[in-house]
Structure formats: C-alpha cells, structure tokens
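> If you read the protein sequences in the order shown, they are chains A and B.
If you want our numbering, it's the 1-based position in the first sequence plus 4.
If you want our numbering, it's the 1-based position in the second sequence plus 1241.
Hints should not be assumed to be uniformly reliable.
[What the hints assert, rightly or not] Here are some chain B residues the structure puts well away from chain A; computed CB gaps all over 10 Å:
| no. | residue |
| --- | --- |
| 1 | Arg1246 |
| 2 | Lys1300 |
| 3 | Arg1301 |
| 4 | Glu1309 |
| 5 | Pro1313 |
[To be verified] Stretch by stretch, here's where chain B covers chain A in the computed footprint (C-beta under 8 Å, at least three residues):
| no. | region |
| --- | --- |
| 6 | 333-339 |
| 7 | 342-355 |
For the record, the hints were derived by calculation from the structure and aren't laboratory data.
Here a beta-carbon is modelled for each residue, glycine too, at the ideal position from N, C-alpha and C.
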Amino acid sequence: MAYTEGTGVRGGRLLPAVMVTIGLLLAGGLGLGTRGMVQDQERRLLHERTMEAALAVNSSLTSFRSTLQSVGAAAAVSRGSPAVFTALTKPMLRNNVRQIVLARPDGNGGFVAVAAAGDVKPGDRLSDPEGSMRKALAGGGFVVTGLFSDPPERHARAVVGAPYAPQGMVLYEEVAITGRVTKLASDQPFGELDFVVYTASHPDASQILMVSTTHTPLRSHVGATFIDVGGKKFLMTTKAKHPLVGPLATDTPWILAGVVLLITAVVTGMVTMFRRRRDYAMDLVEERTAELRESLAELEQTQEQLVRQERLAAIGEIASAVGHELRNPLSVITNALYLIRKNVGDHADERLTRNLSTADREVAAATLIVSDLLEFARARMPIIGAVDMTDLIAESLSVAPAPDHVRVERQYHDHLPDVAGDRDQLRQVLLNLITNGYEAMPEGGTLTIEEVPLADAQRIRVSDTGIGMDAETMARAFEPFFSKKARGVGIGLAVAKRIVENHGGTIEATSHPGQGTTFTVTLPVASSTAEVAR
Amino acid sequence: MMPTRVLVVDDESGMRDTLVEILEAAGYRVSSAGDGDAALDRFRETPYDVVVMDIRMPKRDGVSVLKEIDGPPPEVIMMTAYALDEQLRQALEARAYAVVHKPFPVPHMLRLVEGAALRKAG
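Start from the sequences, fold in the hints, and give me the full structure.
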C-alpha cells in the first residue's frame, strides 16, 4: 500500500498539537513561575544587602557626627578658645575639608568667631541659604546640608549646635565632595553591588555623595533605602553586579522549561509514531476490507450474471427447440401458398391475391421471428458465398410483400458486384429492415431500398417515411429486447447487427421523429477468388 | 433429352409432398423417400441427377446418406431446420451443392435445383 502522510494520519494532527500546546504551556508556566520565585529571592537578597550597606554608610556618617559633637563639646568647655579649638580640630583636617569654624549665627547666615581651617577669618560672613546654623543653634544638634556648587567644586556642610558648641555659637564644617566613582573589587565588602548615595531623598545627579559606578542613575532591579543623617534623608540605591542568587538559580527557569519541552517533544514524537503505525495498520485493514467488499460485490455480480446466463441459456434452449419445430410447418405452409398461387394463376381475383399476399407476409413475419430467436439463442457463423444483393432484395420483397398502403421504390445499378455473405442470413437482415419499415408506416408511406456501389463494398439503404425515432429510442435501437412496437420480441435489429458485423460489415441508423428512419448496411463485396457455393 | 431426375428425401410428409409437387410442376421427374435408408434403396434402383434432402432424419441423417451413395454422385441440396454449425460443415465437406435453411422461398429452391442440374449435366 502506498502510504502517505497526507492520507495516512487520520485525525492524528490534533493530539500532537494538543500535546505540544500543553507542553509549551507547562514549560512556560513552570519557567515563569520559577523565574518569579528566583526574582523574588533576588529582590529579598538585594534588599538585605542594601540594608546592610546603608547600615555601613550610616555608621560612617554617625562616626563623623560623633567626632564633630566631641570637638564642639570640648570647644564649649573652653568657651570658644581659639587655641583649644585649633588643637582639637587638627586631627580632622583632611584634603577635602575646606572650612572648620565656630560661627555665630544671625538670621540667614552667621559670622566667623573662630577659624581653624579655611581661607576665612573671624568676622567674615558665612552664607547659609538652608538655615542650617539657625536650626543647629535652635537645638537641632546635628544638621547637614545637601550638596551645593562652589565652583569649581561641590561642597556640603555639617553643623552642630548646643549643647555641642559654645553658647550662642555653632561648629561649622564645610567639605568638598569630589563625586569620584569609587569602584569596589568583588572581594571587598559589598563588592558585589553597585551603589549610589544621594544627599537627597530622590535620585538627583547633582546630589551624589558616594557612587561606585558611572552608570547612574541605577535602573532595573534596583534596591533602595533611606539613611537619616542630621535631619535629612539620604537616598541609597543599589544594584547587584551579578545575580545574588547565583547563576544556577538564575538559569533554573530556562533549564526547567527546556527539560519540559524536551520531554514534550519526545513524548509527542513517540505518540505520533505510534499513531502513524496504528493509522497505517488501520488504513491497511480498511484497504483490505474495501478489496474484500469489492471482491464480494464482483462475486455476487458474477453469480448473478451466471444465473442470468443460465436462465437465458434455458430460455434459448426452449426457444431453439420451439423454433426448430416451427420451421418445418412454416416451410410446408410456404410451399403450399406457392402451389395455391401457381394453381390459381391468372384466375385469381383481387381479393384472393390480396389474401395470398397477406398470408405470405404473415408467414414471412413468423419465419423471421423464429429465425431471429434461433440466431439470438445460438449465433451461427455465416457460410460465405457470393450473393447478388439485387436479386436477394427482390426475393425478400416477394417473401414479405408490401401491405396495400405502402409503396416500395427500388434504386439500383446494373451489374453490381456480388457481396461476400451468407444468403440466408443476409435475407434475414433484409427482412428485418423491410418489415420494420412496413410497421413504421401504419398510415402508409414509401419504403425505399437503394443500392450504392462503393470501391470494395456495397451499401444498401432501407428508408421509410414513417413515425421515426427519438434520440433515446435511436440510442437503444440495436439493444436486444428493446422495442416500442406492439408486435415482436425486440431482437430483430440486434440480430441484424450481429449478422452484419459477423460479415465484416456495418449497420447504422438515422432517424427523425415524424419524418422516418434510414438503415444503412455496408457489406464487403466478394473477391474474384471467393468461393461460390450456390 | 431425358428430364432431370430429382429425389426428394424428407421425413416430414407435408414438406416432402409439397416439394415433389412444386418440382414436378417445374418439369422435373421426381421421386421421394421418407428416410435415409429408403433414399439409399431408391438409389440402388435408379440413379438421380439431383437430390434434395433434409439433413436431420430418423435412423440415418442426410450427411451419412450423402457419404454412402454408390454410383455416379448426384448433386445434393441439403435442407435443414435446425442444423448445427458442425453438421453444416460436414455437409459442405461431403460435397453438397448447397445448404438451405427452412423455410426458404420456393423460387430460390427452384434456382438451386436448376443450377445443380446444369452442373450435373456438365
């Protein structure tokens, strides 16, 4: 069996499609679910590390505040002594410290009282737009400012007031913030993080206090927290350089999805293969079943045909036996009619002549029925001899004379060659065509018999001007037992066709309803060497 | 000139009698026989020029009669009402002048007898 994918997989596309869809959904769901868990874990770890980093930053800033508060407290005890203050602040002087002074606030700023570092001297005015000195003096304890520009640098201020400063004064420190990126190695504390600390509560690039990356602000999967410093909230944002949960955990969703897809592909492949095998087997079974049914149908048909043939053979046997028995009496009647006609001779009146003709015609009709039945039941091969068709037509017309209402016309040429045929059988053909013509003209008409010589054949046309045949009748005219006439068994034309074809000739019919029918018989002429039996 | 002698052989009396009458009316000198044996007896008595004989008859069929005729062979026209192809072939092989199927037009039979007589006369 020719097995093709298109016809072999019956309904097999749905299940694999469903399985693949389920597999995809399962892989997607599992992958996404696991990814969510991993991301959640990542977020929690980042949050924890961010809090730890913020704690470290806060610790550093607290230390700075404690130092300032200690120095301020000592300056308060010394009542603002410049010598003591200078000595106390000496350890605090670093490169980025621009000013350390004791200042006396007044309104929107203050005046330098004691200067330990910076290019200021007592009596100089200090601007303080944010009012940090005033806040510190009012009991704020420790106040820091945001970054402000002091070209070419950015500065920040830290101020401590009472009780960590002399009466009516504040300790004021101004430092330069470089904003340089401080990259941490992976083996350093928090080396796995990028971070930015703003001196503001929002990610303002101008307020970056500390930063470990040039890619600011940090985006995507960012941790954030606030650090309270001197009455101000510093924003700290962090981002993991590499997944904190580890590479394996990060890839776990994809690994799981991949495994599920692989299993789906394998299972789908196996299911498809098994289904194809099953479909192949079922196709084979269907094909064999169809063949079996076909064989059974053929067997039934053959059996029916055999039964029909046996029945036809039985009918043929009966018809043959009856026909044979009828031929002798028909012969005797034919002979007797001939003798009566001969004995009466010229003395026959019109009525007797007409009655004799009727008797001749009816005997001819009966003879023809018997001959057709015998020929149909058991076809006889022609005994070929030279037959003068002109003479045979005349003989046929004498055997079956025309009824009174039918006129017969003959058209023939002198010295036509004989045809090669069986005289008795060709007479049977002519009688069939002639009597058909008679019966097609119940209201009268003309029967024309025309002989036309051809190169190696002779054509005989038998035409009537009768009722004619429609296309459907014409198509079945030579079919056995098909007859629209009230008389006869409907085998005359079938027998005529068989006889003509056994002679190597042809027979055709043309007809128009209401105009008549023409039968054309073409027979091969006898060659000069043909056997002449009679 | 001696008239042509014709022997009609048929087991059906109606056929035999009408055929005898027709041939006599046509001027032939006609005898008849009702079966094959009688036909052979007639031959032993008198030679015939033409024999018109049924193929199928009781006791002895026409073909075997044709084969057993002694003396100068006549021209034989075989008649048949229901001969099979094989019988027709045998009849022709036994040199029958013609085989004609019953019923036949009488003029056709007369032409055959005339033709056979002419051939016999040589």
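> Give me the numbers of the hints this structure contradicts, sorted from smallest to largest.
none
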